Amino acid sequence: MKRARIFLLALCAVLSATLLLAAAGDGLWVTRVPEKDRARANPFAGNASAQAAGAKLFKQNCASCHGDDAFGKDHHPSLHSDRVRNATPGELQWLLSNGSMKNGMPSWSRLPEQQRWQIVSFLKSLQNADAQMAIKSDK
Amino acid sequence: MSRLQAKLAGILPALFLVFIYPVLCHAQENYFITYTHNMEEPGTLELSSKSVSGMPRNGNSFIGNALEFEYGVKTWWTSELYLDGQTTFGESTLFTGWRLENRFRPLLREHWINPVLYFEFENINSADKSLLEIVGHDGISDFLSRNDRSEKEREAELRLILSSNVKGWNISENMIAEKNLAAEPWEFGYAVAASRPLSLIASPNPCVLCRENFSLGAELYGGLGDRYSFGLNNTSHYLAPTLAFRMPNGPSFQISPAAGLNKNSHGMLLRFGVSYEFNQFASLWRSR
Numbered sequence: 001m002k003r004a005r006i007f008l009l010a011l012c013a014v015l016s017a018t019l020l021l022a023a024a025g026d027g028l029w030v031t032r033v034p035e036k037d038r039a040r041a042n043p044f045a046g047n048a049s050a051q052a053a054g055a056k057l058f059k060q061n062c063a064s065c066h067g068d069d070a071f072g073k074d075h076h077p078s079l080h081s082d083r084v085r086n087a088t089p090g091e092l093q094w095l096l097s098n099g100s101m102k103n104g105m106p107s108w109s110r111l112p113e114q115q116r117w118q119i120v121s122f123l124k125s126l127q128n129a130d131a132q133m134a135i136k137s138d139k
Numbered sequence: 001m002s003r004l005q006a007k008l009a010g011i012l013p014a015l016f017l018v019f020i021y022p023v024l025c026h027a028q029e030n031y032f033i034t035y036t037h038n039m040e041e042p043g044t045l046e047l048s049s050k051s052v053s054g055m056p057r058n059g060n061s062f063i064g065n066a067l068e069f070e071y072g073v074k075t076w077w078t079s080e081l082y083l084d085g086q087t088t089f090g091e092s093t094l095f096t097g098w099r100l101e102n103r104f105r106p107l108l109r110e111h112w113i114n115p116v117l118y119f120e121f122e123n124i125n126s127a128d129k130s131l132l133e134i135v136g137h138d139g140i141s142d143f144l145s146r147n148d149r150s151e152k153e154r155e156a157e158l159r160l161i162l163s164s165n166v167k168g169w170n171i172s173e174n175m176i177a178e179k180n181l182a183a184e185p186w187e188f189g190y191a192v193a194a195s196r197p198l199s200l201i202a203s204p205n206p207c208v209l210c211r212e213n214f215s216l217g218a219e220l221y222g223g224l225g226d227r228y229s230f231g232l233n234n235t236s237h238y239l240a241p242t243l244a245f246r247m248p249n250g251p252s253f254q255i256s257p258a259a260g261l262n263k264n265s266h267g268m269l270l271r272f273g274v275s276y277e278f279n280q281f282a283s284l285w286r287s288r
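Here the protein sequences come in this chain order: A and B.
Quick note on numbering: the working numbering labels position 53 of the first sequence as 53, and the sequence is numbered without any gaps.
Quick note on numbering: the working numbering labels position 98 of the second sequence as 98, and the sequence is numbered without any gaps.
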């Protein structure tokens, strides 16, 4: 009986510590990106094939939250925002790898790094109005 | 009632496949026993069916099944409910109980090694054959007696999950401790696994059978005795290659033939899994 109580107390303590740690998570992700990550260049920059692959990966993994056209959905943010537009490829890669878990953005480290760079290529291509039209006509 | 529940465990996945297929999306499971640090996306419900079949020598062949409902509560918190059932040929088909588990990811960024804390409560009976973990002195001898539901097993299972995604590989290690709450000693087990997609670069064209949709890997799992007899003596161990196929915007399939590594193990276990994800399940519910 005493052991069971100790076990339950220990379980509660571990759970509480986990919840506290999680609640103290990061906020503005851009300010947290290390300099060496911020400066990383996209190995697929300017590669049309990578943008197409990124668009496909976006639809498979991201569109359910951010919308097919990446303008956001429900409470999930638009990826046409100034923050994303002004972010460097390295910053976007860091965000995809680490997520912004306190704000509901999961880590996509389960995707290989190359595929994350392909998504970054696509996100950067969103600045191009022609690319946006291509997505809409693809629907 | 129990037969009805066991039948439902088989029929429900088929119903979901037929009627709700258009809103399905792919799942991420690569392994059957080993957990990774990849959590369910918040608001997403994953429905999985994990089956295991075995043909123990001097015993009847069986198929164990676990129907799994996995929900992403937060980015760092995933909750799961399992409904277990089994069929033993020449004996019976039974609903064997349920499990409730929660996984918490304490570190909110990606590291070389990412810890996840896992807590599970099991309310199953001694006829359960879903083999979702191998602990203590679990072995083939547990499968030689006829189905018997008389013994209730209310157990707490704790895992420390350590997992890394490196250069396209996922490498995961689980340390397992399980306790039957009816004053039985702690039992221990382990599971380690590694897998990698066949292609790290996605094809620009829509495709189903392209290499990026397949992952190949292997799992090694087994028991480590209990508090009073810790070690490899009288334990069972398995080595299992795993193959996962994710259909784009569709279900995922996993298959894993597990080879027993010692005389206490089943000679061969064949595991098969199918998973479906309902993205932003809570939103779908609200919109109706």
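Just so you know, these hints were derived from the structure itself, not from any lab.
There's no promise every hint is true.
[Stated by the list, open to error] According to the in silico footprint, chain A covers these stretches of chain B (three or more CB under 8 Å from chain A): (1) 33-47; (2) 120-130; (3) 164-174; (4) 202-216; (5) 232-245.
Keep in mind the model is a prediction, meaning the values are calculated, not measured.
Don't be surprised by glycine CBs; every beta carbon is placed ideally from N, CA and C.
Each hint tested on the structure:
| no. | hint | result |
| --- | --- | --- |
| 1 | 33-47 | holds (count 6) |
| 2 | 120-130 | violated (count 0) |
| 3 | 164-174 | holds (count 4) |
| 4 | 202-216 | holds (count 6) |
| 5 | 232-245 | violated (count 0) |
Of the numbered hints stated above, those contradicted by the structure are hints 2, 5, listed in ascending order.
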